[in-house]
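Enquirer: Join the two chains, each given in its own frame, into one complex according to the hints.
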Amino acid sequence: MNMSKKEYGDMVKKASPNSKIVANCIKAFAVGGTICTFGQGLYALCGALGASRDMQGMLVAISLIFLAVLVTGLGKYDDLVKFAGAGAGVPITGFANAVAAPAIEFKKEGYIMGVGAKMFLIAGPVIVYGTLSSMIVGLIYYFVR
Amino acid sequence: MDYIKAFIIGGAICILGQILIDKTKLTSARILVAFVVLGVFLGGIGLYQPLVDFAGAGASVPLPGFGNLLARGVMEEVDRMGFIGILTGGLRASAAGIMAAVLFSFVAALVFEPKAK
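Heads up: the protein sequence lines correspond to chains A and B, in order. Under our numbering, the residues of the first sequence are numbered 1 to 145, in order. Under our numbering, the residues of the second sequence are numbered 1001 to 1117, in order.
The set of hints was computed from the structure by calculation and includes no laboratory data. Be aware that a few hints might be false.
DSSO-like cross-link-like pairs, simulated, lysine-lysine; straight-line CA separation at most 30 Å [claimed, not checked]: (1) Lys1115/B x Lys20/A; (2) Lys1025/B x Lys82/A; (3) Lys1023/B x Lys5/A; (4) Lys107/A x Lys118/A; (5) Lys118/A x Lys76/A; (6) Lys76/A x Lys1023/B; (7) Lys108/A x Lys76/A.
Isolated chain B, as found in the complex (with noise of 0.2 Å):
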């Protein structure tokens, strides 16, 4: 059940996507913004969570759980240290995938060689 949960809330955020592609033309650089934004503000009134907490994978794979995920940083830090964690908690909570992904692709980039095009 988990599972099919998963696929159907993950899809149908991924569909909210495509419709933004067809529909506006908006470049995929600006949906992943709006996506990550929307998630991160969605997340601050609490209202992310909760498919979070229905769907796992399916609503925190998604950008808008990348942004849900900083929300909740920046307010336990915020809880934790007072004033300073507004500057510091949306980086924290996302440090481990930033890292990730530019660890990744640099030695992605030492290794693999660009396609001929």
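Bound-form chain A, shown alone (with noise of 0.2 Å):
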């Protein structure tokens, strides 16, 4: 094929960003599913050691949640959310980055507003509407149950 540098410059623009987003997308399916299946091994895990449905939830959840916190202080889950995105974004372990990222990144503001405040930069907005469509829920469930 002959082409100039500049039409080949253009073919590139234009198939690019689709198949970026295609290879973005087959990274956070193999890192978000990856994830996953680990969480699900914790869940044998819980189960095999005897804990009830919910129990095992919520230890799956606390494991996660300590082990993303962990890689996020070593400064690794940055470097996962770069390659994968929404793979290291959606999963639960995220939303713990989300809280230890700030946390740590604003220490130097001291312990009140620093840590303490900026741990909620994304958790907080999280927590809010979370907890708000809850009440929503609740309410209609109030009624029509």
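Expert: Following this line, the structure appears as structure tokens:
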């Protein structure tokens, strides 16, 4: 194929947005799927140790949050987000990272307005809108149950 | 088989998030909020729990699963406590996750130094 550098550049530009999205999606699928599969393994482990079903859910969430915060503290969760995007952001580990990363980063602004306040930079909105929508669900449920 | 289902469903939910990021330029904070709220409403109308029953951690580990937990919690609390349960159910159900994140993050802030930029 004969083409000038400019034509080639145009072609790359045209082709790349979508192929980039596909590549991003594959990486998100692989990493997100792996985190969930790991969680499934934790469920099995907690079950084998005799935890009740509700307790299993809590223990799995707590363990994943612990690991994600640890990886964040070691500075590695950022790399995972850069690589896998939503694959690292959408599992509960992404929520834990969103709490831990600003808590560590804003340490220099002190423990009150730094760690204490910035911890909720992203978790705050999640909790606010999550709980408010749970109230809407609760209200409707109260009348229709 | 449980592991394959968890992988595929969990991965698929993450693909949905990735498409939102790439196509809409929504910030990740907005996507996290959207996913939790989506999970709350799907949980509220009883559509999310079947996915959890099918895919286990594949549905409960992604953030809509956290929303589903809130919805289930508020409905159980309304059953138990009546009207006041509307106010207390959501936070009660999510307390373990939120407090684990707060505790571990606080300790992490004590132990780790921010990365030099």
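Enquirer: Each of the hints needs a verdict: does it hold here or not?
Expert: Okay, the hints, checked on the actual structure:
no., hint, verdict
1, Lys1115/B x Lys20/A, "holds (29 Å)"
2, Lys1025/B x Lys82/A, "holds (15 Å)"
3, Lys1023/B x Lys5/A, "holds (28 Å)"
4, Lys107/A x Lys118/A, "holds (9 Å)"
5, Lys118/A x Lys76/A, "holds (20 Å)"
6, Lys76/A x Lys1023/B, "holds (26 Å)"
7, Lys108/A x Lys76/A, "holds (20 Å)"
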